[in-house]
Amino acid sequence: MRMSDSRKLVSDDPPWRELAGHARHAACLIAARSGDRAALDALVTDLTPLVWHVARGHGFEQTIAEDVVQTVWLTLLRNLHSVTEPRALAQWLITTTRREAQRVRGTGSRIAPLPDDLLAQFPSEEGLPELEMLRNDRDRQLWSAFRRLSEKCQELLRLTVLAGRVEYGGVAEALGMPRGGIGPTRGRCLTKLRDLITTEGGLS
Amino acid sequence: MSPNDRQPGNVPAGREPAELGVADQNALIAELDALLDIADPVPLDLMDRVRFALDLENLDVEVARWESMDHLAGVRGSSGPSTITFTVEDLTVMVSLAPATLGHRFDGWLVPGGPHQIEVRVDGHASSTTTADQGGRFVLADVPPGFTQILVHLAVPNGQRPRTVVTPTILR
Numbered sequence: 001m002r003m004s005d006s007r008k009l010v011s012d013d014p015p016w017r018e019l020a021g022h023a024r025h026a027a028c029l030i031a032a033r034s035g036d037r038a039a040l041d042a043l044v045t046d047l048t049p050l051v052w053h054v055a056r057g058h059g060f061e062q063t064i065a066e067d068v069v070q071t072v073w074l075t076l077l078r079n080l081h082s083v084t085e086p087r088a089l090a091q092w093l094i095t096t097t098r099r100e101a102q103r104v105r106g107t108g109s110r111i112a113p114l115p116d117d118l119l120a121q122f123p124s125e126e127g128l129p130e131l132e133m134l135r136n137d138r139d140r141q142l143w144s145a146f147r148r149l150s151e152k153c154q155e156l157l158r159l160t161v162l163a164g165r166v167e168y169g170g171v172a173e174a175l176g177m178p179r180g181g182i183g184p185t186r187g188r189c190l191t192k193l194r195d196l197i198t199t200e201g202g203l204s
Numbered sequence: 205m206s207p208n209d210r211q212p213g214n215v216p217a218g219r220e221p222a223e224l225g226v227a228d229q230n231a232l233i234a235e236l237d238a239l240l241d242i243a244d245p246v247p248l249d250l251m252d253r254v255r256f257a258l259d260l261e262n263l264d265v266e267v268a269r270w271e272s273m274d275h276l277a278g279v280r281g282s283s284g285p286s287t288i289t290f291t292v293e294d295l296t297v298m299v300s301l302a303p304a305t306l307g308h309r310f311d312g313w314l315v316p317g318g319p320h321q322i323e324v325r326v327d328g329h330a331s332s333t334t335t336a337d338q339g340g341r342f343v344l345a346d347v348p349p350g351f352t353q354i355l356v357h358l359a360v361p362n363g364q365r366p367r368t369v370v371t372p373t374i375l376r
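Chains as they are written, first to last, in my numbering: chain Z, 1 to 204; chain V, 205 to 376.
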C-alpha cells in the first residue's frame, strides 16, 4: 500500500470529525487501513498522550520514553490490519507500551533490570521532570509526592486522569475503570498520595 | 485549597488516617488533571517525529530498537561524531555520524553483511540511498540535517519475502 498516494483521496470532511473517544479511534483505524494518511495522523494526535504517560509511568527518563512512544506507533503500523478490535485501540496501545517498557527495561543497560514485584514496591523518582517549572508550592508538593508513588500507582493515576477527559471517552470502560467509579487500587494510590503530601507539608 | 484541608486532622482522634472519601479522591484527581500537562508534557515535537516515522510507503516494516548507551548522542544531535547502534532480531546496524558540509556523513556497518539497500529519509529532502558491500559496510557522504529515519531493505534470496527494517525518527 502506498500511503502517500492516498492523500489526494482524503476528503475535506472525514467521517470521524464528529466522533470522539473509542468510536473515533475505530473510525480512524479503519480509514487508516485503507491508506488514509489523515486518519493515521489523527490517531497520533489523539493517542500519543496516552502512550506517553504509560511510558513515563514506568519511570523512564524523557529520551527513553520518546523512543518507546515511537516504537509503539511503528509497531501499530505493522499491525494495522491485525488489531482485532478497533474500538479497543487505546487498550491495544497501552498493552503494547507496557510490553515495550518491559523489553526496554529487560535489555537496556541504562536501567538496572529488577523483578516486576520488586519494582512495584519501589518509589520511582527517576527521570521525572524537575519542579522549577511548577507555578506554586501546592503544585510542587503534589508533583513531588506523585513522583514518589510506586510505578503502578503513577501509571494508574495518569490513566485515570486521561480516561476522564472528553477525547478519551469510552477508554475508561475499555480499561475496566468506569468513569466516576473509584476502584480499591485507585483509592489506595490516592490515599498514599494524600499521605505523602501530608508528610511533605509537615516538613516544609 | 490548602493541603491542610485534607489532613489526618479531619479524622477522629485516635484512629488510623482513613482512606480518602470519594469526594476527596475526585478532588485530588482533578488537581492531578490540571498538573499533568504542565509537569510532564508530551515533548513538543514528539508527535511530528512520530508522524514522520510513520510516513512510509511500505507499511510492512520491522521496528529496529536502539541498542547502545550511545543512542542518546545519536538521537539528540550532539555536534561531534556519534555512533548509533540498533538491532532487530537477526540484524545489527551500526552507524557512525560525523559532521559534513551539508549535514552528516554516515559510515555504517551491517551484521551480518550483505548487499542490503540502505535508505536514509530526511524530512523535506529526497532520500539518500546506497548499497552495503559484502562485508556490510556502507557510506553516505553528506546527508542533510533534520528529522531522519534509517531504512534497511534487506537483500533476501529469490522467492523469499522482502524485509524492511526501520528506525524511529532521529534528530540530526
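No lab work stands behind these hints, which were simulated from the structure alone.
Since we're looking at a predicted model, the values are computed, not measured.
Treat the hints with care, since some could be wrong.
[Claimed, not checked] Sample of chain V residues facing chain Z (criterion: CB under 7 angstroms; computed from the structure): (1) E223; (2) L224; (3) I233; (4) D237; (5) L240; (6) D244; (7) V246; (8) L248; (9) L250; (10) L263; (11) G307; (12) R309; (13) T368; (14) P372; (15) L375.
For glycine and all other residues, C-beta sits at the position ideal for the given N, C-alpha and C.
Here's how the hints hold up against the structure:
| no. | hint | verdict |
| --- | --- | --- |
| 1 | E223 | 5 angstroms, holds |
| 2 | L224 | 5 angstroms, holds |
| 3 | I233 | 6 angstroms, holds |
| 4 | D237 | 5 angstroms, holds |
| 5 | L240 | 5 angstroms, holds |
| 6 | D244 | 6 angstroms, holds |
| 7 | V246 | 5 angstroms, holds |
| 8 | L248 | 11 angstroms, violated |
| 9 | L250 | 6 angstroms, holds |
| 10 | L263 | 5 angstroms, holds |
| 11 | G307 | 21 angstroms, violated |
| 12 | R309 | 24 angstroms, violated |
| 13 | T368 | 10 angstroms, violated |
| 14 | P372 | 3 angstroms, holds |
| 15 | L375 | 10 angstroms, violated |
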